[in-house]
Amino acid sequence: MKFIDEYRDAGSAKKYARLIAKTTTRPWTIMEVCGGQTHAIVKFGVDELLPRDITLVHGPGCPVCVTPLELVDKAVEIASKPRVIFCSFGDMLRVPGSKKDLFSVKAQGGDVRIVYSPLDALKLAEQHPDKQVVFFAVGFETTAPANAMAVYQAFQKGIQNFTILVSHVLVPPAMEAILSSPQNRVQGFLAAGHVCTVMGYTEYEPIVRKFGVPIVVTGFEPLDILEGIYLCVKQLEEGRCAVENQYARAVRRDGNRPAQEIINEVFCVIPRKWRGVGEIPHSGLALQDKYRDFDAEIRFGVAEVCAEESPECISGLILQGITKPYECAAFGTRCTPDRPLGATMVSSEGACAAYYRYRHYRAENPV
Amino acid sequence: MNKENSFTLQCPLSLSDYPHVLLAHGGGGRLMNQLIEKMILPEFENPFLKTRHDGAILPVAGGKVAFTTDSYVVHPLFFPGGDIGSLAVYGTVNDLAMCGARPLYLSAGFILEEGLPMDTLWRIVKSMKMAAEKAGVQLVTGDTKVVDKGKGDGIFINTAGVGVFEHDLIVGPKQIQLGDAILINGDIGRHGIAIMAEREGLQFESTVESDSAPLAELVLKLISAGIQIHCLRDLTRGGLAAALNELAQAGGLTFEIDERAVHLDGQVRGACEILGLDPFYVANEGRLIAFVAAEDAGRALALMQSHELGRGASIIGKASEKSPGQVTLMSRIGTRRILDMISGEQLPRIC
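Chains as they are written, first to last, in the numbering used here: chain A, 1467 to 1833; chain B, 80 to 430.
Here chain B stands alone, though its shape is the one from the complex (with noise of 0.2 angstroms):
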């Protein structure tokens, strides 16, 4: 065999590091990263993959179009907030609208464990139906598969889109100019929060709820009022650490943020303190951060805060050196230091 045509079916992750997947290869940090990098990327090497977007950006005759997938596999199924099936649909709306994308048609493929109590399914189609209502996205094709019982956790769901483009501006992490703004829709951690107390049994004084929501119209209005948006990212699994740290390398700048710009809700940052986990690392569902031109800044943070999903907006940092791809905390004490991505997900301390 010729070394062009011949293939390895050695694995590029060193297996002696990890023989088995590990949650940490899903948690959105470093080692999902480099299961991205070194496994799939140079596998189905293209120019849309490449980009490293929440979605590809496809031509289609006539113009271009958004195209992302995601897959939902949270445990609980219902928490304060919202449930699997909103989820399901926010999250990959979200994906498109980060794209710059009007989002505009769904597929959702259901892998259901033998035992689900149809009650339970029916809640999630109904939660379903109104979070495309809301988001104004139609669900057009599906797939549904039934598994052994203990072969699943109840449901997962996978859901695709696809959306389409109304303006001539190009939206992604190679955009991001140096001086440009960032912006972010709100305080931090919720979802992450809310998931955890639901799942643990923690108790606060009230009840934490999850940020989880739509994202495409706060973006499509910021984008219709000429607003120049360079880049934009929905924070998920890994925090605003992850999003930020992401964009950083991928646009191969410094981002300095001013951790007092960031606001947390006052029992999200009591939960925590108590469990020891750096709010920056904390999921989120409903919070994007947008890069935007300086002189821009000022109107989109008004813009954003007019809109009901941008109600908290601030700005908590700029793009402010040309190298080398990592993200800088102002912190509260007036000191600076690196806000890193975290290796998998975040444990909680002993003491």
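One chain only, chain A, in its complex shape (with noise of 0.2 angstroms):
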């Protein structure tokens, strides 16, 4: 399959990982942002072509990873309520809120759907008017156009019975944390590609100048990733730092400006909590004054939920690339994925659970 086959093959990954290692004279600590990313180096085992001096950790870019436990809650709350159809991307039905999930509001009778386009929930406010259909709309900047985009309709057609629940991430703000804070140990980043392709990369620009990393826009195939790492580890080698594009193929300087003035239209940037790592300045959307009645929270009341995160999970850590999963002492005992502790667990793109998934009869001696 054309844009899938090449990018996964053997020969081509030898020969990536054998320059990458001809290249490599010192250790250096990458950090890949996007957890579909994650998913795919643990998958394809990237990591274990790459030579010791290579350390990768992952970052913060899986949306249900980072979407904070009282959002979670807020959802079954509204999604538990009589005559409303509550609507979100698959993977967030697992996710556990501090007393249940999504799937168990289900099974007692909620109408909990899971729908692939935000459009497709718009489609069923406009076929149920007896109904109040709340849409789940959680992501970072890959996901906020289609979002904004359902809203912006909505207001257009004056659909009354459709709101979104926002959990709106951005990327760069979130990159600026991990590199501002003490611990950090991270020296270059792969960006994440799929956001790349609709902000573009000049917001990373303003982030190599002030802390003088090295960030390669790279995308999701093992080829992808070992092609990104080789143009990082150069740029650390040579002793520069600027922004790389490796994704050309998806990715422009601009990105996808149509995208941007949608999601400029609707929403406006933000502090937001991000799951254990806290507060993160201008790191979110909320929507615009103007769009506010499409905001569930308001319509519903739910606005004031407290939650707790259980204390045993280290999910803060992780998803700043501070802690690898199986450092963790609940890893794959007290959390697995059929018991998370935490959202890392839970999701498939978290880093636990990529870690439990394909290679947990390493927890005990890691690589």
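Quick caveat, the hints were computed from the structure, so don't treat them as lab data. Be aware that one or more of the hints could be misleading.
Computed cross-link-like contacts, EDC-like style, restricted to lysine to aspartate or glutamate with a CA-CA straight-line distance of at most 20 angstroms [said to hold, decoys possible]:
{"#": "1", "chain 1": "A", "residue 1": "Lys1480", "chain 2": "B", "residue 2": "Glu325"}
{"#": "2", "chain 1": "A", "residue 1": "Lys1468", "chain 2": "B", "residue 2": "Glu338"}
{"#": "3", "chain 1": "B", "residue 1": "Lys397", "chain 2": "B", "residue 2": "Asp337"}
{"#": "4", "chain 1": "A", "residue 1": "Lys1509", "chain 2": "A", "residue 2": "Glu1543"}
{"#": "5", "chain 1": "A", "residue 1": "Lys1589", "chain 2": "B", "residue 2": "Glu192"}
{"#": "6", "chain 1": "A", "residue 1": "Lys1468", "chain 2": "B", "residue 2": "Glu335"}
{"#": "7", "chain 1": "A", "residue 1": "Lys1509", "chain 2": "B", "residue 2": "Asp357"}
{"#": "8", "chain 1": "A", "residue 1": "Lys1468", "chain 2": "B", "residue 2": "Asp344"}
{"#": "9", "chain 1": "A", "residue 1": "Lys1509", "chain 2": "B", "residue 2": "Glu335"}
{"#": "10", "chain 1": "A", "residue 1": "Lys1589", "chain 2": "B", "residue 2": "Glu325"}
{"#": "11", "chain 1": "A", "residue 1": "Lys1509", "chain 2": "B", "residue 2": "Asp337"}
{"#": "12", "chain 1": "A", "residue 1": "Lys1572", "chain 2": "B", "residue 2": "Asp357"}
{"#": "13", "chain 1": "A", "residue 1": "Lys1509", "chain 2": "B", "residue 2": "Glu338"}
{"#": "14", "chain 1": "A", "residue 1": "Lys1566", "chain 2": "A", "residue 2": "Glu1543"}
{"#": "15", "chain 1": "A", "residue 1": "Lys1488", "chain 2": "A", "residue 2": "Asp1471"}
{"#": "16", "chain 1": "A", "residue 1": "Lys1468", "chain 2": "B", "residue 2": "Asp357"}
{"#": "17", "chain 1": "B", "residue 1": "Lys213", "chain 2": "B", "residue 2": "Glu335"}
{"#": "18", "chain 1": "B", "residue 1": "Lys117", "chain 2": "A", "residue 2": "Asp1804"}
{"#": "19", "chain 1": "A", "residue 1": "Lys1739", "chain 2": "A", "residue 2": "Asp1475"}
{"#": "20", "chain 1": "A", "residue 1": "Lys1509", "chain 2": "B", "residue 2": "Glu352"}
{"#": "21", "chain 1": "B", "residue 1": "Lys253", "chain 2": "B", "residue 2": "Asp344"}
{"#": "22", "chain 1": "B", "residue 1": "Lys230", "chain 2": "A", "residue 2": "Asp1577"}
{"#": "23", "chain 1": "A", "residue 1": "Lys1480", "chain 2": "B", "residue 2": "Asp337"}
{"#": "24", "chain 1": "A", "residue 1": "Lys1589", "chain 2": "A", "residue 2": "Asp1577"}
{"#": "25", "chain 1": "A", "residue 1": "Lys1547", "chain 2": "A", "residue 2": "Glu1514"}
{"#": "26", "chain 1": "A", "residue 1": "Lys1468", "chain 2": "B", "residue 2": "Glu352"}
{"#": "27", "chain 1": "A", "residue 1": "Lys1572", "chain 2": "B", "residue 2": "Asp337"}
{"#": "28", "chain 1": "B", "residue 1": "Lys228", "chain 2": "A", "residue 2": "Asp1577"}
From a predicted model like this one, the values you see are computed outputs, not experimental measurements.
Given two chains presented individually in distinct reference frames, assemble the corresponding complex, making use of the accompanying hints.
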């Protein structure tokens, strides 16, 4: 299959691995920002092809993982109400809130549906004028344009029974937060390719200047990731730092302008809490005042829910690349995908879930 | 009450974890296995159930028979490549075939929802008739119940089946030997993607058809050719990964699978890539894996490939190590990883 097979070729993968090994003279720690990249690295064993001196740490780019617990609780509360159709992308349904997840709401009679697009949720609202249709608007810059478009269309069409529960977060402020932390060990980034298809990569240029770290916009196939690592290591070894674009087949410097315009039309930037990490300034999106009527938190009056995280879960440290999943005492024992303590274990893109699923036999003797 | 006669009302599955049945309890993954292992097996303990095979092999006067049952709740009722009726016939026929038996007789229990269009029922019955003819079985007994509107999903079907043995071969998880080759009769994931496309209105360039088919003839062809088949398993919910894991655990062996030998139709692959699904966990209804003695692997493959339902057959791996009952996968880029069972249904990813 075009655009897949050539990026999963064993021969080319080994060539890149040799090139990386040849280029590397010192230890380097590189963070892949996106959960999709983490998943691919662990699934394909990309890290096993790397020299010992290269350490990959897994970043905060898993939308399911960083959605705060209280927001899952709010979703559960809204979805449990009568006459509500609660729509969500599939992988949010299994995320445990402080009491239960959305699957349990469904099992107890709640109308919870998996949709593939927020516009499908909008269609449901048109088909069911007697019901309130709520869409769980989770994700990074990647999903923001479609979610914005659903609200924009609802506004244009005057659809009254449609709202979204917003939990949008933005990548660059999180990268800055990681680099600003005194515990930071990240020396270079593989930026999230899909986010950059929407936003481009001009946002990263000031980060490179401020912190002196190379940032390579990287795709999601094994060879994309290997090439991204190579470009990053090469910069580090040469003492350079710049934004480079490995994912040129999908990403332009300016990104997708119409997508950015619809985001700016519907959303505004606010500080947001990241699960396990805490509040990061300018790191999230909320509905503009003009679109407040489409805010599910306001319509259902659930703005004040407070929730406590499991004290044992260290997902915050994992999302910042400070700790590896198998270094957690609960990993694979008290915390498994069946009984996750935190979201990095429950989401298919979460670093803990990826390690458990693809290499849980290594929990005791990690690589 | 003395301890031996006492019984406990306490549910063996921790109620605090799962006070209600979830869809994942029927998803063919870890939760379903827990349900079977903790609730069902201990309560009905007997040697036939304990084998955890697709059907039970029962001693009867003058020989043995294979007996199995399955229920069908598929939605939509009609999908490209099949419908609930043909599925209900083939599914049960295949379970018998996986015991190494020749399927002969089926029962059918219909649970109909009030208001189901009679024409729909008629189409399903006609489809079952054709499927039974194709599979060489007779439907010999049945039952019909109607439930109130809103208490069913149009129609649910249960079928049970009986088959006989025409050979002395014992086929089952415990028979798997170290070094056995693992064969599959074609590409994976068609049924799951066909259903999902129909259910969710996903559009492809051409229609993905379910692989739903009766597998008994293919199996009997291998057996009658003298292939040393040690174990058979048809791939259903939970896909190839679930079948391999169940057998690895039941047989106490480790299987090594080569990802490059597992074939995918281009559109199935495309759908999986777009939706973030792993085809190893996507459902099939006409695929089986066969564990055969290494020296017979080549001949078994040729026999499979010469059969209509095995044209795309390949050898995907082998039973490679004695312990500890797991499945490893050699990835396309030449690294090794675990191929685990997932806990419930696969969920489409956000991005």
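Hints, verified against the model:
no.	hint	in the structure
1	A:Lys1480 to B:Glu325	violated, 33 angstroms
2	A:Lys1468 to B:Glu338	holds, 18 angstroms
3	B:Lys397 to B:Asp337	holds, 9 angstroms
4	A:Lys1509 to A:Glu1543	violated, 35 angstroms
5	A:Lys1589 to B:Glu192	violated, 28 angstroms
6	A:Lys1468 to B:Glu335	violated, 28 angstroms
7	A:Lys1509 to B:Asp357	holds, 11 angstroms
8	A:Lys1468 to B:Asp344	holds, 13 angstroms
9	A:Lys1509 to B:Glu335	holds, 16 angstroms
10	A:Lys1589 to B:Glu325	violated, 41 angstroms
11	A:Lys1509 to B:Asp337	holds, 14 angstroms
12	A:Lys1572 to B:Asp357	violated, 24 angstroms
13	A:Lys1509 to B:Glu338	holds, 12 angstroms
14	A:Lys1566 to A:Glu1543	holds, 10 angstroms
15	A:Lys1488 to A:Asp1471	violated, 25 angstroms
16	A:Lys1468 to B:Asp357	holds, 18 angstroms
17	B:Lys213 to B:Glu335	violated, 35 angstroms
18	B:Lys117 to A:Asp1804	holds, 15 angstroms
19	A:Lys1739 to A:Asp1475	violated, 40 angstroms
20	A:Lys1509 to B:Glu352	holds, 14 angstroms
21	B:Lys253 to B:Asp344	violated, 32 angstroms
22	B:Lys230 to A:Asp1577	holds, 16 angstroms
23	A:Lys1480 to B:Asp337	holds, 18 angstroms
24	A:Lys1589 to A:Asp1577	holds, 16 angstroms
25	A:Lys1547 to A:Glu1514	violated, 48 angstroms
26	A:Lys1468 to B:Glu352	holds, 12 angstroms
27	A:Lys1572 to B:Asp337	violated, 38 angstroms
28	B:Lys228 to A:Asp1577	holds, 18 angstroms
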